[in-house]
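Order-wise, the sequence lines are chains S and D. Numbering-wise (my numbering), the first sequence opens with residue 1 and increments by one. Numbering-wise (my numbering), the second sequence opens with residue 1 and increments by one.
Treat each hint with caution, since some may be false.
[To be verified] Within a straight-line C-alpha distance of at most 20 Å, the following computed SDA-like cross-link-like pairs (lysine to any residue) qualify:
hint	chain 1	residue 1	chain 2	residue 2
1	D	K300	S	D78
2	D	K300	S	G117
3	D	K150	D	R167
4	D	K300	S	Y115
5	D	K8	S	E146
6	D	K8	S	L147
7	D	K8	S	R140
8	D	K300	S	Q116
9	D	K300	S	D114
10	D	K300	D	D371
11	D	K300	S	R143
12	D	K8	S	P144
13	D	K8	S	R143
14	D	K8	S	R139
Please keep in mind that the hints were generated in silico from the structure rather than gathered at the bench.
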Amino acid sequence: MTKVPSLGVRAVTKSYVVQNIRTEALRDVSLTLHPGELSLISGPSGCGKSTLLSLMSGLSRPDRGHVHALGVDLGALDDAARDAFRLAQCGFVFQGFNLFPALDALEQVQIVLDYQGVSQALAARSAREALELVGLGQRRHLRPAELSGGEKQRVAIARAIVKHPRLLFADEPTSALDSVNGAIVTALLREIAHRSGAIVVCVSHDPRLIARADRVLEMEDGRLHRDSRDHSSSNMMGTSR
Amino acid sequence: MAVALARKTLIHEWRRFLPAIMSVGFSGVLIIVQGALLLGIVGTNALSVTQSRADLWVGFPGTQSADLGRSIDIGVSSELLVDSRVARVEPLLLGSGDWRGPRGGGISVTLIGIETRRDALGLARAVLPAERALLDEPATALVDDGDLDKLATEIGGTAEINGRRVRVVGTTSGMRAMGGVNVVVSLATARAIDRSLAASDNVTYYLASLHSSQAAKAVRARFSRPETRSRFEIWTAADLAGRSVRYWLLESGAGVGFIFATAVALLVGTLITSQTLMAAVAASTPQYATLRAIGVPFPKLRRIVVEQAGWVGAIGLALGLAGSLLAAVLARLNGIPFALGPGIMALSGALVLAVALLAGLLALRRLRHADPAALLR
Ligand SMILES: Nc1ncnc2c1ncn2[C@@H]1O[C@H](COP(=O)(O)OP(=O)(O)OP(=O)(O)O)[C@@H](O)[C@H]1O
Ligand SMILES: [Mg+2]
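Just chain D, same shape as in the assembly (with noise of 0.2 Å):
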């Protein structure tokens, strides 16, 4: 094997480089940790979505984000049955109230009314067949775990929504919102407690599952026709809950904010990795210098500056990710929206290698002390 003289440089100094792989790190983790932050709090917008096991969801046409949803005509139900991919259609209902505890207050709380079948679609991953046959009984609700603090209420506790009274006989999990509180209940008592929902012929939303889910996009297709186009609209589950994600993005600026924290933490990751690859090139001045009077050309001095630089990154991204999924375990533990996706990732190991290479590009003017005839004095 070739002498790997970039790469033993690097190991044999590596407290000299350890400063750039750091930043790499750092800069990687905040970014990372930053994006996924974000993509979880603004996800919880979408939260109806990403919990239901449903292959299609029919809304109010040009719904910009799940939560958002208006009332559609109820007959959508049949129109739906007509297709023979489509194997079930249920409601789930979106409504709002006030929320008092026995200790008095006002919090307002977003009504989630689902159908009580055992293998219901609606919010399927958050709330388990046991507790979802509590909420057959009348004026009974489901609160996240996470937000039995926030509420001041435990299982078995009793409070008033909208004045009316209901018991909280279970929890929901995965349900917890950043902005307001999730409350999950039957389609009846949902329309008991919100009086907008109360006409029983209209519904928020119909969730839709298929026989066979890759038939998804082909009748989402079928009933996208302009003659339907003006009573509802129909998405796949991703859609509706990207579409979400991307509307709370832009309409609450967080997506501005963290392209420039991003920004920053690319700035500040650059400045410090180049600094240090400088450094390291500065100290072994003498060893370029070297190569060039044995007649080693410039350009290959170049590669093992890049080469190393190339090491740092790689080396930083991987204590990066390894750094953001410890993130990504202490966020569960303490139900924190945390959103790491391949996409972030990728995203941020693409940015953080490309801040090794510029910087490792800026630390290539230090080459240019490397005059071998300083060899000999």
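Chain S with its partners taken away, still in its complex shape (with noise of 0.2 Å):
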């Protein structure tokens, strides 16, 4: 493992059974993804993108071989222990933006510090900031029903780094906004990777998300097919390997 707290996974293989039918969803995967770096992970339907992002996150557990995050074997984590880590490390932007119905842009965010327990003012606080960085500190008092997908998403991405997250996965968070959401989404991103120094995975189609990205894993059937960086980008942390 290097020095650096990485985001490893060795030779990882993950099936699911259904009806007696095998799915391979990954087949021998490594990988080791960098703080300050946007990574991304393209690749046809049903290759299994989604499936390694599950794994490295912790929601699940891969049948053999290991995923290391931030020094931590997340195989060997039981339930509980996963729940801690996710609580503690791993922010989540979904396609769908799963926001609370019930809830404002404010109480999206806050709700997650509450739940780390953090103190209710600096809560607030936190929120408020967060909201202001993704450029909704005006729109902090309107529910989801109120606001425009864009902006859900945006809110979803407040959420996701309000707890300063070292881990942040997003699954598809573009495929559901117009261009110009979907470039402020993909610049936020991006810049969340470069200003935190988060490790921040993303998976996409979205070719404008692609040409911003400062590596681009391509995947084909469960493999890894090809690993490309992006040289042009400015970062300036974590390019080493």
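Two chains, two separate frames, one set of hints: put the complex together.
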């Protein structure tokens, strides 16, 4: 393992059996992701991208192989310990936003810190800052039903980053958005990676997002197929392997 | 303040929770109204006790219910008066008769013979002093205003009881019984109408008032010794009323009926409430999965569901109590015996909250579908 805390996947295999039919979602995948980089996973539908993301974030366990996140072997943790790990370290952005309909934007963000046991005053202040960072400081009292798709995804990003996670996972974050909003969300994810030094992993088909990534991992049929790095990016951190 | 996700979701999606709240409320109304009606009806067997102001009642040993009193010796009165805590003792007679109105037809009635002094204890709550004074005239009777129709009579009307002519000189209030009809007369008239009471040396009950009601238990203890127990038994008014209600609940089978109907109300309430809560949990599955992804442990998700069930129970119960109070008002306006006491309200409150919480626990099973990995697809 490297000195810099990183996210390492070693010879990971994962398959699903449904009605006696076995699907190999991941076959012997290995990779290492670095802090301060926006890494992008792309590939055809059904090639295992989301499965890889859920293994790397500790939402599920590999059949074989190991996932080391920030020096912790996620496969060795029990459910409660993985919950605690995610609560402390991971942020998520989903394709479908998954906001809470009953809460306004500020509460969506604040509730994460509530569950972390952060004091009320600090939680409210941090939530406001996170919303300002995504440009929604003025719209913090609106509920999801009153926000546009792009705004909803930005609230979801604020919710993911409010706890300053060291791992940020996004699954198709722009696919439900138009090009302008897609570009805003892309820029935000890139900025978060570069500014906070978090490991940002994003699954996407979106060419705009692919073009802005520091590193692109292409998958096919459960395997890592190509790993390319954008050398024109101004990223200074974590580019060495 | 921490973000109250459970409560805010409940308010935001109140339409989703409404069926559960209503079913809890209806279960509550059903149990309370049934119970209050039953206690009211059964309680009419103890009207002679509950409508009087005596602290202590003295009657035949082993009497199971106030309406089943048998004669005791007239000498008991002076025995009681020996105790300086006893302020006054007066007799009350219970008899029976066959009422025939001008249009014929026999109705069996219960005769209650009371003292006619202005400040008498017997039926002090149901008979106004002015009406009581009218009973001094022989062969007069009071009937309940709720029974005038049933007896096909009116104030000033006449009828025959056991072949003796009586004149209805006024009405009582709150003496309407479910089974028979209560006819209130003076002690002398009662003895004239019911031959079994004719011998003036025995009475059905002695009513005693004390200088201080607090002494009731102590006085009762003094007259409950073995040497007196063979001739008479003494109860506080609450004792005798409670004993009558319990006796009739068991004797009539109405108590069992109530337990059965309550069980059905609870079962239906639990089913509807749990179905509704399950649907609400299922509809929020992505939200729960999101919380799981964020790293919120499973027990905290359970707490959300249980908290919502608790709110559903509390709001439903409030509605149920409001509905029951309305029923009580309607019952009073219609002269229907309806005993809405704190006991029945506390009982149904506890049952209904238990229903809501049980339904919440059943709904927890749906949380298993909240798989955070399913959010990544
Ligand atoms: N929970 C599951 N049960 C059964 N099979 C699954 C499950 N999750 C994924 N799979 C299968 O694993 C394979 C990879 O799925 P995955 O969701 O990782 O694909 P993906 O690359 O994210 O596709 P897309 O771009 O369409 O989202 C697919 O063939 C899918 O059918
Ligand atoms: Mg996918």
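Consistency of the hints with the structure:
1. D:K300 with S:D78: Holds, at about 17 Å.
2. D:K300 with S:G117: Between D:K300 and S:G117 the Cα gap is close to 13 Å, so the pair holds against 20 Å.
3. D:K150 with D:R167: 16 Å, holds
4. D:K300 with S:Y115: 9 Å, holds
5. D:K8 with S:E146: Between D:K8 and S:E146 the Cα gap is close to 16 Å, so the pair holds against 20 Å.
6. D:K8 with S:L147: Cα-Cα ~18 Å, so holds.
7. D:K8 with S:R140: Within the cut-off at roughly 16 Å; holds.
8. D:K300 with S:Q116: The given pair, whose Cα atoms are some 12 Å apart, holds under the 20 Å limit.
9. D:K300 with S:D114: Between D:K300 and S:D114 the Cα gap is close to 12 Å, so the pair holds against 20 Å.
10. D:K300 with D:D371: 15 Å, holds
11. D:K300 with S:R143: 23 Å, violated
12. D:K8 with S:P144: 14 Å, holds
13. D:K8 with S:R143: 12 Å, holds
14. D:K8 with S:R139: 19 Å, holds
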